[in-house]
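Chains as they are written, first to last, in this note's numbering: chain A, 8 to 407; chain B, 86 to 379.
These aren't lab readings, by the way, just hints derived from the structure by calculation. Since the model is a prediction, treat every value here as computed from it, not as a measurement. There could be a bad hint or two in this list.
Taking lysine to aspartate or glutamate and the EDC-like style, the derived pairs with C-alpha atoms no more than 20 Å apart in a straight line are [what the hints assert, rightly or not]:
hint: 1; chain 1: A; residue 1: Lys227; chain 2: B; residue 2: Asp223
hint: 2; chain 1: B; residue 1: Lys137; chain 2: B; residue 2: Asp157
hint: 3; chain 1: B; residue 1: Lys119; chain 2: A; residue 2: Glu63
hint: 4; chain 1: A; residue 1: Lys227; chain 2: B; residue 2: Asp157
hint: 5; chain 1: A; residue 1: Lys40; chain 2: B; residue 2: Glu264
hint: 6; chain 1: A; residue 1: Lys65; chain 2: B; residue 2: Glu116
hint: 7; chain 1: B; residue 1: Lys210; chain 2: B; residue 2: Glu248
hint: 8; chain 1: B; residue 1: Lys137; chain 2: B; residue 2: Glu178
hint: 9; chain 1: B; residue 1: Lys319; chain 2: B; residue 2: Glu361
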Amino acid sequence: MAALVLETRDDIGAALRMRLAGFVRSLRDSGFKVGLAETNDALALLRSHLSSRPHELKGAFRALFCGRRSDWQAFDEIFDAYWFAKGLKGAIKSVGDSPKKGVKTIRELTDASVQTTDGPAGDVERTAGEEEDEDSEAETDAKREGASIADNLGQTDFRKIHDPEAMERAHQLAERLAHSMRVRLTRRDRQKRKGPRLDLRRTIRHSISHGGTPIELIRKGPRERQLRLVVLLDASGSMNNYTGVFTRFVHGILDNFREAEAFLFHTRLVHVSSALSERDAARALDRMGLMAQGVGGGTKIGEAIAEFNRWHAARVIHSRTCVMILSDGYDTGDPQQLGAEMAALRRRCKRIVWLNPLIGWQGYEPTAGGMSAALPHVDLFAPAHNLDSLAALEPYLAKL
Amino acid sequence: MTTTKQQLATALAETGYVADEGLATALVLTEMLKRPLLLEGEAGVGKTEVAKALAKLENTDLIRLQCYEGLDRSDAIYEWNYQRQLLAIKAHEGSGETANAIEEAVFSEKYLLERPLLAAIRQDKAPVLLIDEIDRADEEFEAFLLEILSDYQVSIPELGTVEARSIPRVVLTSNGTRELSDALRRRCLYHYVDYPAPDREARILLSRVEGLDAKLALQIAELMGNLRKEDLAKVPGVAETIDWASALIGLGGRNNLHDQRELVFETLACVLKTREDQARVTKDVTDRLLGKVA
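Generate coordinates for the entire structure from the input sequences, incorporating the hints supplied.
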């Protein structure tokens with residue numbers, strides 16, 4: 008693409024132009040959003056007086072090519088690596104690189120749960136004992152898109168799905184579920200349009216045909232703001248059985264809600280929205296896997312939430328935000344810290360929903376240290392061990 | 086014709102704004118490439134001041150659009166003056182003019198209220214257009230802002246297209262409360278405004294606070310630099326430093342921070358703005374911070 012522009016310029020050397028094209032390409036590989044117009048402007052810079060001093064050129068290129076703080080921080084290294092061939096190995100990270108060996112990635116976790124077909128295939132039948140409390144949702148189920156296929160799968164605990172095909176179907180359903188949630192929530196918004204104030208501009212426009220008498224009154228009101236969802240997904244070892252499905256669910260949410268952010272935590276917190284905004288689920292998981300290396304270890308929920316409060320909360324949370332935590336609550340950190348951080352988070356957002364796959368287990372009580380510390384600050388504590396329980400969230404979210 | 090960044094930095098310093106090298110480069114580029122400049126950074130690092138200094142430097146008007154949630158075309162670009170239009174319609178009623186003629190008259194320049202964006206492109210001398218806290222406006226607003234920033238024209242259905250008389254120099258600021266679209270980021274030059282290094286902060290203090298001694302300014306700046314490294318809920322910005330320096334001077338502080346530990350501790354309320362932070366920075370912490378200052 009860059010080469011196209013370059014052909015039309017004759018006043019700087021061909022070699023330099025190719026070098027610039029290469030530079031732009033390595034920036035793009037590192038995730039910079041650089042377009043044709045920027046390349047053109049960079050050429051203009053090369054032709055200007057700035058080009059005589061590489062140091063000034065670097066500052067100029069930085070202002071031109073960077074678009075966000077992360078770009079800003081990465082730029083120097085990439086620039087030096089490319090133009091001065093310093094520290095070349097570490098600097099240029101390609102987005103599509105394969106993850107390092109030895110570290111489990113999300114993708115592998117997902118695949119692993121698909122491939123380990125040790126259990127009898129076709130083990131997708133309902134599991135007795137999981138059904139009773141699901142009755143109340145039967146009604147909403149019938150209307151939901153894809154519900155008929157979901158009949159069987161919907162009530163099966165994710166742990167008990169071993170068949171790869173069934174797993175794939177569960178993943179697809181999770182994603183579709185997220186989509187239908189979004190469609191319903193928007194429709195609901197559109198119907199509430201009786202504004203409290205007069206729209207004078209439109210009223211006058213319409214009054215002209217009546218000789219200036221405003222017969223038709225046109226009203227306006229504050230636009231309904233959509234709910235913003237912030238998802239904190241626990242990817243620690245104890246969640247292994249669920250991570251795959253939840254990741255797909257979160258991918259679906261990010262794809263379909265206009266305002267959503269996703270974070271993943273185990274011992275650290277990782278912002279994964281940009282990876283999950285990839286349309287193709289497999290690629291999204293790949294990218295997320297790269298960003299969240301080392302998943303499947305222990306959990307420090309308190310620290311993760313503290314980090315979230317400190318660095319991300321101001322940016323991603325506004326008054327109509329619902330924070331959804333997907334975790335089993337098994338915490339190796341300090342329960343007191345978790346309690347304090349949950350209280351801080353509670354003050355910021357509208358609702359905290361904690362989805363815990365363990366609630367679906369018979370005889371589960373939230374007595375684990377971390378869980379009981381967090382519970383007082385949670386608005387909704389709900390099961391998330393099968394698709395139906397995820398679907399049951401929708402009416403709750405619609406009310407916000 | 087093109088100014089170098091050194092010339093620009095010197096000229097800016099004369100207006101009272103102490104720019105670092107990167108910012109001066111970015112400002113030179115806005116002129117060269119005719120692109121808007123997007124400034125990001127924590128609250129209180131002097132993003133808005135850049136636009137003010139630039140306007141002073143160019144000796145031109147500063148037109149400011151403060152963004153907020155729900156900002157729309159009628160607040161940002163133009164609006165019709167409805168009250169006058171209604172009066173005009175009534176006044177024309179008896180005159181026997183046709184409805185069309187009345188409409189012509191009512192939707193004319195006379196009844197148009199300029200808002201900042203329209204005003205900015207209709208100046209004879211290119212102004213500095215400051216679009217403050219763009220992250221507070223909605224995404225839809227960002228979209229039509231982009232349109233204006235690329236074409237520098239506004240179409241008003243009743244009047245036609247208004248072409249720009251001069252291309253304003255555009256400065257956008259963002260606190261990062263919302264992620265901005267890639268399209269907007271690409272369109273703009275970008276500069277991340279960080280907290281200033283101690284010597285630059287000292288120079289800022291000297292240009293802003295009267296009666297301040299150079300040594301004291303440097304001490305204050307160093308102390309602030311260390312304070313920002315503490316684990317604070319709300320990290321104090323440059324504005325806070327200036328307040329604090331003024332407070333020290335106003336309360337008759339002497340020229341060495343070490344001689345007046347009490348006063349330093351008491352006036353720290355100028356920079357610490359939450360209960361947690363005030364509790365965290367105790368007397369001991371203050372003494373420790375002071376110990377690191379030369």
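Worksheet item: If you draw a straight line from the CA of B/Lys210 to the CA of B/Glu248, is it 20 Å or shorter?
Response: holds, 14 Å
Worksheet item: Quick one, are A/Lys227 and B/Asp157 close enough, alpha carbons at most 20 Å?
Response: Cα-Cα ~13 Å, so holds.
Item to complete: Compare the distance between the alpha carbons of B/Lys119 and A/Glu63 with 20 Å, and conclude whether the hinted pair is satisfied.
Response: The given pair, whose Cα atoms are some 19 Å apart, holds under the 20 Å limit.
Worksheet item: Are the Cα atoms of B/Lys319 and B/Glu361 separated by 20 Å or less?
Response: Cα-Cα ~9 Å, so holds.
Fill in: Satisfaction of hint between B/Asp157 and B/Lys137, Cα-Cα up to 20 Å
violated, 24 Å
Discussion item. Just to be careful, I want the Cα atoms of A/Lys227 and B/Asp223 compared with a cutoff of 20 Å; is the pair within it?
Written reply: OK: A/Lys227 and B/Asp223 at ~17 Å, within 20 Å.
Worksheet item: Is it true that the CA of A/Lys65 sits at most 20 Å from the CA of B/Glu116?
Response: holds, 18 Å
Item to complete: For the pair supplied as a hint, B/Lys137 and B/Glu178, confirm whether the alpha-carbon distance does not exceed 20 Å.
Response: violated, 48 Å
Item to complete: For the pair supplied as a hint, A/Lys40 and B/Glu264, confirm whether the alpha-carbon distance does not exceed 20 Å.
Response: Holds, because 14 Å separates the two Cα atoms, which is no more than 20 Å.
Checked against the numbered hints above, the structure violates hints 2 and 8; every other hint is satisfied.
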